[in-house]
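Residue numbers (my numbering), protein chains in the order written: chain A, 9 to 345; chain B, 9 to 345.
These are calculated hints, taken from the structure and not from any lab test.
It is possible that some hints are incorrect.
The list cannot tell twin chains apart, which means a pair is met if one copy fits it or any two copies do.
In silico DMTMM-like pairs for lysine to aspartate or glutamate, Cα to Cα no more than 25 Å straight-line [said to hold, decoys possible]:
{"#": "1", "residue 1": "K213", "residue 2": "D98"}
{"#": "2", "residue 1": "K146", "residue 2": "E115"}
{"#": "3", "residue 1": "K288", "residue 2": "D98"}
{"#": "4", "residue 1": "K213", "residue 2": "D87"}
{"#": "5", "residue 1": "K89", "residue 2": "E201"}
{"#": "6", "residue 1": "K213", "residue 2": "D159"}
2 protein chains.
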Amino acid sequence: MNDALNATADTVDPVAYIFNSAVAASAIGAAWELGILDALQANGTLELPQFAAEHGLDPQSTLGLARALAAVDIVERIDTKVMPGGNFADAYRNRSFFHWLTRGSAELFRRMPDVARTANRTGEFYQRDAAAIAYACKEISELTYDPWFWDAIDGLASSPAVVADLGCGSGTRILQLLDRFPAARALGIDVAEPALAVAADATAKAGLTEKVTLIADDVLTMAARPEFAEVELLTCFMMGHDFWPRQRCVATLRRVAALFPSANTFLLGDATRSTGVADKDLPVFALGFELAHDLMGTFIPTIADWESVFAEGGWRLREQHRIGIAVGEVIFELERA
Amino acid sequence: MNDALNATADTVDPVAYIFNSAVAASAIGAAWELGILDALQANGTLELPQFAAEHGLDPQSTLGLARALAAVDIVERIDTKVMPGGNFADAYRNRSFFHWLTRGSAELFRRMPDVARTANRTGEFYQRDAAAIAYACKEISELTYDPWFWDAIDGLASSPAVVADLGCGSGTRILQLLDRFPAARALGIDVAEPALAVAADATAKAGLTEKVTLIADDVLTMAARPEFAEVELLTCFMMGHDFWPRQRCVATLRRVAALFPSANTFLLGDATRSTGVADKDLPVFALGFELAHDLMGTFIPTIADWESVFAEGGWRLREQHRIGIAVGEVIFELERA
């Protein structure tokens, strides 16, 4: 029996706990953005009126936010003073998932009854906050894929001369790869031009503009380019589900193999749909991630779905890193078949 | 120890339970609107693909929604079949509070980090969905105030000739009062003209247009009208907190006494701010209601705050009905001092 739930179960009825958890989930996302979680993590205590004054926050709203965190034992509150509660460490580590839910995807979940109606599911039938999702996904990626990613990189037989990141977003991964392989050059490809502007800025700040080529194009439809020929290492994170359904995924894998003829290693990391987990045992994130994609009509493949396409797509599965921190994240280490 | 929490606490970690509760809270609001909760309540079981087909819903979204409810034991799911779970009865009764949170107030909670910053708190600095809030508040009012309201009405010494409802909204209360007092006439006063249009429609449907006067005016600032002179019973529900802060509340109570010189009974029902409840013991709704008003900068008085203004405002507290189902709801039965 878990102590943290035990502490509330005697006094609060279960449906009130569900309600208060929903309020607290929004408060976790907000508290991260407002610096409250970091201040608590760093200092172990926080005087709310002082924090509000120093950070330009409304004192009554700040107190209300802290009450929401205290309701589910993320903090302990004594009047205007808060300290980490029994669930703080876990909530702190998982804050990016809460932010993804209550900031980035809030508008999608708010409109669930409209979005679920078949008659409404045409055109741009849902909205999410792309900037907020990028903010959360940067930390989600660090939390889930990064340790396993560097394990895979360390296991490479040789240093690649050129790397390409498909769906590079704000460019964090290509800059990290250039740091790891100082002699290499890098291509970053993404369909989102605002993200590429951030990547260009970060590249300039790192003094790496000479070594980086940023390309605004759609990985699913892009044509060959001369600079693709030299790429030896391909990476692609948190976008592989966009390759699906199956037939398109096979075609995309084949086309990637043809577009990058020198790429012998392809590290493909993504979340996969959970299988064999009872509804009540779902870990943090999986339920929200999967329901969001159900609502958006985006297919999320299982690990078995992925395993069924590699050979047909022209790749051999060299190794599989099952991360499974939240939503069955996996890194497939592929080599040219 | 509560069985419903017990069932999940052994297998799910507490922070995953908080996350899944937040997803489930949205699903409760949606499931109410989509008729899923009523179908389960009526039939005791529901075959998801059949329900989706009959109601024009996307099957995958409907299944995902049911998984969210199952994650916190509101339903039991076996493949595509769902039945009420251990928390169903309680969630069903409290569905309007979840809808208020995840539909009506979702945009306010999504923007918590922006709204909490003092620099942003000017002009129309927050949005909520007024239509969704009206949808939820109709049921919230029935659930909380109605039984006590009719007790107070039954206790009146005589039948009023004319009643007036301050903040009448869509007119439900004045029509109910005319049903109870068939010889009476009624005034409905509200600042929201769309709500008055609904009230006019409902009045016409009930064949009571001759007996009802609807007035578009702001209770806080309105001038005297000849028809106010005959009003013997005043009611005002779920808007009393708008009278505050204190000085304005005293002035408003005095002005109401002067505007309605024949009104000897004033039934004033509203939510009050909880006091002396530990953060972890907050019942359903209170945390969301109070944090929402903190964010919006709206003062919510305590019962003691209210008790301190009546004498000064020209009214005597005849009786106090403490309901306290969710947010310290109370009906003050006032008589002219």
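Here is how each hint holds up against the structure:
| no. | hint | in the structure |
| --- | --- | --- |
| 1 | K213 <-> D98 | neither (34 Å within a copy, 56 Å between copies) |
| 2 | K146 <-> E115 | both (20 Å within a copy, 24 Å between copies) |
| 3 | K288 <-> D98 | both (19 Å within a copy, 18 Å between copies) |
| 4 | K213 <-> D87 | neither (45 Å within a copy, 52 Å between copies) |
| 5 | K89 <-> E201 | neither (44 Å within a copy, 44 Å between copies) |
| 6 | K213 <-> D159 | neither (27 Å within a copy, 71 Å between copies) |
Checked against the numbered hints listed earlier, the structure breaks hints 1, 4, 5 and 6; every other hint is satisfied.
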